[in-house]
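Read top to bottom, the protein sequences are chains A and B.
Just so we're aligned: 106 in the working numbering is position 44 of the first sequence, and the numbers increase by one with no gaps anywhere.
Just so we're aligned: 331 in the working numbering is position 196 of the second sequence, and the numbers increase by one with no gaps anywhere.
Honestly, the hints are just simulated from the structure, not real lab data.
Hints should not be assumed to be uniformly reliable.
SDA-like mimics (lysine to any residue), calculated; alpha carbons at most 20 Å apart, straight line [to be verified]:
1) A:Lys312 / A:Lys349
2) A:Lys121 / B:Gly260
3) B:Lys351 / A:Lys312
Label-pair ranges, simulated between beta-carbon atoms [to be verified]:
4) A:Arg74 / B:Leu180: 26 to 34 Å
5) B:Asn349 / A:Gln140: 35 to 43 Å
6) B:Leu180 / A:Gln256: 52 to 60 Å
7) B:Val264 / A:Glu154: 31 to 39 Å
8) B:Leu335 / A:Ala224: 45 to 53 Å
Facing chain A, according to a computed beta carbon distance under 10 Å, are these residues of chain B, among others [stated by the list, open to error]:
9) Leu166
10) Glu254
11) Ala256
12) Gly260
13) Val270
Since the structure is predicted, the reported quantities are computational estimates derived from the model, not experimental observations.
Beta carbons: idealized from backbone N, C-alpha and C, even for Gly.
Listed below are the residues making up each chain.
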Amino acid sequence: MPEFKVDIQFERKDFNLKTKFELGSSGQITVVLGSSGCGKSTLLRLLAGLDTPNDGKIKCDDESWFNKFRKINHTPQQRSTGFVFQDYALFENMTVFENIGFGVSKQERVNTVNALLKKLDLQDFRDKYPQSLSGGQKQRTALGRALAIKPKLLLLDEPLSAIDFRLRKQLQKELKDFIKAQECPVILVTHDLQEARFLADKIIVMANGKISRQGDTSSVFDHPINKDTANTLGWQNFLPIESMAEGRVKTFLGNFILESKIIPNAEWIAIKPENIHFSKIKQNSLKASVLEVFDMGAYKEFHCKVAEELTLVVQRPIAEPAPPVGSDVNLHLSSKYLRYINNSYKLPSCFETSLIQSDEKSILM
Amino acid sequence: MILGPVVLTLKLALVTVLILLVIGLPLAWWLAETRSRFKPLWESLTALPLVLPPTVLGFYLLILLGQNGALGQFWYDITGSPLAFSFTGLVIASCFYSLPFVVQPLQTAFEKLDKQSIEAAYTLGASRVRTFTLVVLPMIRRGLITAVVLGFAHTVGEFGVVLMVGGNIPGETQVISIAIYEAVETMDYTTAHWMSAGLLFFSIVVLFAVYSLNKKWSLNA
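All chains should be built: construct the whole structure from the sequences, respecting the hints.
The following block contains the structure:
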């Protein structure tokens with residue numbers, strides 16, 4: 063079972079990437095989450111050897127794939143990474159069988175490909191060309207092609223982004239079950255929050271070419287710690303802190319009580335849009351007026367003005383009574399869901415020990 | 136009388152296209168990939184034979200290939216025979232003359248190439264040679280066929296450059312277009328008719344084949 067250690071820097075004219083992380087055991091899915099242009103696809107290309115870092119090391123077990131100091135740089139051919147591209151990059155002139163068998167030696171081709179066709183439920187399409195396949199079939203073919211070479215590392219670049227919305231949920235489940243059964247670590251890149259939460263065992267949040275937070279999925283989602291991570295994970299409401307003492311925080315809008323652990327250099331308290339309620343409760347509450355209401359299907363989104371330059375976003379289920387635009391409301395920010403947020407990418411020590419299990423403790427920048 | 140020039144023309148066109156493929160494939164790839172500031176300059180130089188009058192190109196080639204020219208003298212020193220007014224000289228001249236017809240369709244094909252398929256092949260362990268033959272060549276097949284056919288047809292039809300560099304030596308440099316010119320000059324209209332009609336028919340067939348293939352492949356793609 064290969065173990066990966068990555069510590070690389072990549073510099074281009076208007077782009078910088080700096081990452082350091084380790085990958086754990088087989089079948090563990092590490093999801094790299096970030097908005098577009100944050101460098102997550104570049105990270106995959108650097109790992110596969112399609113781009114070259116300017117500095118650093120990539121190590122797979124005892125084998126060095128890249129080492130600037132020792133002038134080692136393995137070609138993509140030498141690395142044996144299974145790469146599933148965003149739009150699959152299937153060979154259009156080859157059948158499904160030929161695509162999957164492309165990287166396999168002649169002697170093993172028939173057996174390996176037949177086994178994968180069966181596993182991926184593609185037997186009926188073995189002689190079809192990519193242009194006649196559906197999105198899901200193309201994705202499975204690309205996955206099969208990458209797995210056929212028995213990769214040391216499986217890389218998936220937004221594997222579900224080209225799939226129809228209705229099918230995506232089902233394919234997420236299939237993909238998860240299938241990947242979990244593999245014998246290599248998996249890195250999956252996505253900008254989709256729900257997909258990341260559903261698929262990830264470990265999550266790496268990227269912002270502006272850097273890792274802003276990494277660790278066990280639920281701990282990262284529940285405690286984003288810094289503002290870049292919180293923004294990426296959909297925490298849209300931030301109140302600047304004026305002073306704080308023992309769980310009681312003073313802001314220019316009043317005092318709030320938090321149950322969360324205090325972190326060093328906290329500058330904001332943050333809350334997700336779905337955790338703000340319209341309620342008459344006095345504690346942890348704010349007076350606001352509704353500026354806009356958006357119907358999002360399953361929920362409604364309210365933009366509520368709490369001060370001259372501060373608008374909070376509130377999301378409530380469609381079934382709840384909705385205050386109309388222009389009305390005055392009382393917003394309740396439950397102490398349970400409020401978090402301290404700072405500007406530092408360093409993980410506070412209280413979170414290292416309690417929230418991340420020791421065997422997958424992350425290395426931080 | 137007719138067969139000699141026909142055979143010579145086909146031989147010239149075939150040799151020229153083969154040489155141009157060897158030169159044109161890497162050149163077109165480089166032109167498609169380069170980020171050089173001078174890319175427009177290299178493209179202009181490649182395209183020059185498209186706009187230059189054949190006599191101008193032929194004149195400079197004659198200077199270059201003649202016994203006092205750099206290439207001509209070099210060739211004479213190692214082989215003992217002159218380049219100008221020889222079949223070899225004609226092949227070199229044709230390569231210059233038909234270069235854009237081979238390079239431009241290839242360059243367009245390379246520019247439209249799905250680079251991720253190439254990268255996918257690399258990650259699957261395929262060498263550059265294997266990737267080129269199994270992935271790249273099939274993807275550029277339309278450009279390749281267009282390049283071969285246009286290069287071939289254009290060489291078959293050349294006149295000015297041949298006259299300047301090759302002259303009119305039966306069996307050595309007398310290609311169809313020159314033979315037609317001579318037939319007309321000597322009032323042998325029957326021969327001129329046969330050869331002209333043959334060339335006309337050949338051109339129609341070639342263009343029809345290119346357009347049909349393009350249509351078929353664009354429907355399949």
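Hint-by-hint comparison with the structure:
no.: 1; hint: A:Lys312 / A:Lys349; result: holds, 16 Å
no.: 2; hint: A:Lys121 / B:Gly260; result: holds, 19 Å
no.: 3; hint: B:Lys351 / A:Lys312; result: violated, 73 Å
no.: 4; hint: A:Arg74 / B:Leu180: 26 to 34 Å; result: holds, 31 Å
no.: 5; hint: B:Asn349 / A:Gln140: 35 to 43 Å; result: holds, 39 Å
no.: 6; hint: B:Leu180 / A:Gln256: 52 to 60 Å; result: holds, 55 Å
no.: 7; hint: B:Val264 / A:Glu154: 31 to 39 Å; result: violated, 20 Å
no.: 8; hint: B:Leu335 / A:Ala224: 45 to 53 Å; result: holds, 50 Å
no.: 9; hint: Leu166; result: violated, 23 Å
no.: 10; hint: Glu254; result: holds, 5 Å
no.: 11; hint: Ala256; result: holds, 7 Å
no.: 12; hint: Gly260; result: holds, 5 Å
no.: 13; hint: Val270; result: holds, 6 Å
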